[in-house]
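S.K.: With the hints as constraints, model all of the structure from the sequences given.
Note that the protein sequences, when read in sequence, are chains A and B.
Everything in the first sequence is counted per my numbering, starting at 6 for the first residue and increasing by one.
Everything in the second sequence is counted per my numbering, starting at 728 for the first residue and increasing by one.
Watch out, some of these pointers could steer you wrong.
Claimed, not checked - Listing some non-contacts, in silico: residues in chain A with all C-beta distances to chain B over 12 Å:
1) Ile146
2) Val188
3) Asp189
4) Glu190
5) Met201
6) Ile210
7) Asn256
Stated by the list, open to error - Incomplete in silico selection of chain A near chain B, CB under 7 Å:
8) Ala183
9) Ser187
10) Gly191
11) Ser198
12) Leu199
13) Gly200
14) Ser202
15) Gln205
16) Gln214
17) Gly289
18) Gly291
In case anyone wonders, no lab produced these hints; they're calculated from the structure.
Being a predicted model, the structure only gives us computed values, none of them experimental.
Virtual Cβ for every residue (Gly too), placed ideally from N, Cα, C.
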Amino acid sequence: MDASELTDDRTGRPEDIKAVPVRRPGRWIAAAIVLVFAAAAINSIVTSKGFQWHVVGQYLFDSRILHGVIATIYLTALCQAIGIVLGVVAAVMRLSPNPIVSGASWSYVWFFRGTPLLVQILFWYNIGLLFPEISLGIPFIGPTVVHAQANSLVTPLVAALLGLGLNEGAYMAEIVRAGIISVDEGQTQAAQSLGMSRLQIMRLIVLPQAMRVIIPPTGNETISMLKNTSLLSIAAYTELTFAAQSIYNANYKVIPLLIDASIWYLVMTSVLYVGQYFIERRYGRGFSRVSIEQRWFGLGNRGAA
Amino acid sequence: MTAMVKAEGVHKRFGRLDVLKGIDLEVQPGEVLVMLGPSGSGKSTFLRCINHLEEINAGRLSVDGELVGYRESGGKLHELHERDVARKRAEIGMLFQHFHLFPHMTALENVALAPIHVAKVPREQARQRARELLGRVGLEDKLDTYPVALSGGQQQRVAIARALAMQPKLMLFDEPTSALDPELVGDVLDAMRQLARDGMTMIVVTHEMGFAREVADQAVFMDAGVVVESGPPDQVLSNPREERTKTFLSKVL
Chain A
6 MDASELTDDR TGRPEDIKAV PVRRPGRWIA AAIVLVFAAA AINSIVTSKG
56 FQWHVVGQYL FDSRILHGVI ATIYLTALCQ AIGIVLGVVA AVMRLSPNPI
106 VSGASWSYVW FFRGTPLLVQ ILFWYNIGLL FPEISLGIPF IGPTVVHAQA
156 NSLVTPLVAA LLGLGLNEGA YMAEIVRAGI ISVDEGQTQA AQSLGMSRLQ
206 IMRLIVLPQA MRVIIPPTGN ETISMLKNTS LLSIAAYTEL TFAAQSIYNA
256 NYKVIPLLID ASIWYLVMTS VLYVGQYFIE RRYGRGFSRV SIEQRWFGLG
306 NRGAA
Chain B
728 MTAMVKAEGV HKRFGRLDVL KGIDLEVQPG EVLVMLGPSG SGKSTFLRCI
778 NHLEEINAGR LSVDGELVGY RESGGKLHEL HERDVARKRA EIGMLFQHFH
828 LFPHMTALEN VALAPIHVAK VPREQARQRA RELLGRVGLE DKLDTYPVAL
878 SGGQQQRVAI ARALAMQPKL MLFDEPTSAL DPELVGDVLD AMRQLARDGM
928 TMIVVTHEMG FAREVADQAV FMDAGVVVES GPPDQVLSNP REERTKTFLS
978 KVL
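M.R.: Structure representation (structure tokens):
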């Protein structure tokens, strides 16, 4: 109370310290070096003839490219959704007390994480070589629900969904499992002591808290998925990369079309960043007094040190 | 009168470690039992056996005349279905040393959750009752606050309201004030005193000797998995017969 000479009149609080900042010449030198390299890179990108920027502009909104963009968005959404659903199911199965159920989940993850995605896609695309005819029904006893030629049933789209979706499910299973394990066991005990069932505890208590751990790597996975859809170009599925390839196969403008595809991939991943920010904010409620804005943009940490 | 809790020769093992080696005790409805003893003596484990968070290995344990976790018919024990175990747990409130509030829900949502999803009370009615209960523990102004923004004492009082929302006939307290700053202990003990006055049957594991003397009807001193001494709190706390009890009390007081 006796620091009166420092007291701000309106609030009665002492004024913030005003000090001369430390000089940091190292920072200026580092910034200058980075800027020189950046300028050189931009200069070469803008002036080099090879980039053919006018061709890039010409094809950026080409209807074939735009159709490829739409197909890529559609495939990413569908395959990631399949992956998330499979991942949650596989993670819950993996944590089951029943060893057969948990073993089945382990085997699934082991197989699909252990073989290359490209091989899996080729495998599904060529499934007709293994099973010329496919019947779906209850094994051994039940009636057959679906019976068809493999080649008519497993279209490039179905092969794509199976390849990317099943592979993603295996990765998501591990992400969801990590999320579930991260939730303190006391939470389950408190919920049990209130008389909640295993399923209610999972749905109302554990998974909502696990989401905080699950979302950032899921955002990562979705971005990977977006780009992994380009692998489907080898299965002749017309997504963005395949669209770009089929144009440059005709006009030999390879680099400009690859740039067009890259621009669209960058636009799409940027949109995903925004989505992830909002989902993280939704599930971060109640966990920290530091807001997500501070965590994402590092406000309040800068200048310390 | 049926005892609210009756234990006869209760044994519990974790692997090779015998944690409970034959516990016998009885708690009548409306009674408050305080359990004392050094850490590792099996007090918490015994509490957790009462609502079947742990399975006992031998002996008989019953709550309000019904066996915990089993059904007896034709001279044989049958394991209860998970559903029936959950139904019985709903009748027993439990408080934890570290509160275990659900961090993704506000105080009000914490309290109203089990009535809505377990007791199937209509949502609005459950929320109204939750407001009343939070008012009773002095938190009417914290309804929409998340646990992270509450002090330990406030969190533990929300936990008391959460347990009360299920209208339990028995409440178990596992060192409810051990994780609290000293000046916050009083509010929680006050809420527990009020419960005892209202006639709640309570088993309290605690090191709060003043609370034990004042509120308990019965005190039990446990060590190394056995009940060393039990009786009225005045006798057990002030004039213990056993040497082991004397040593413990001289260190705690």
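S.K.: Which earlier hints can't be squared with this structure?
M.R.: 2, 3, 4, 5, 6, 8, 9 and 17
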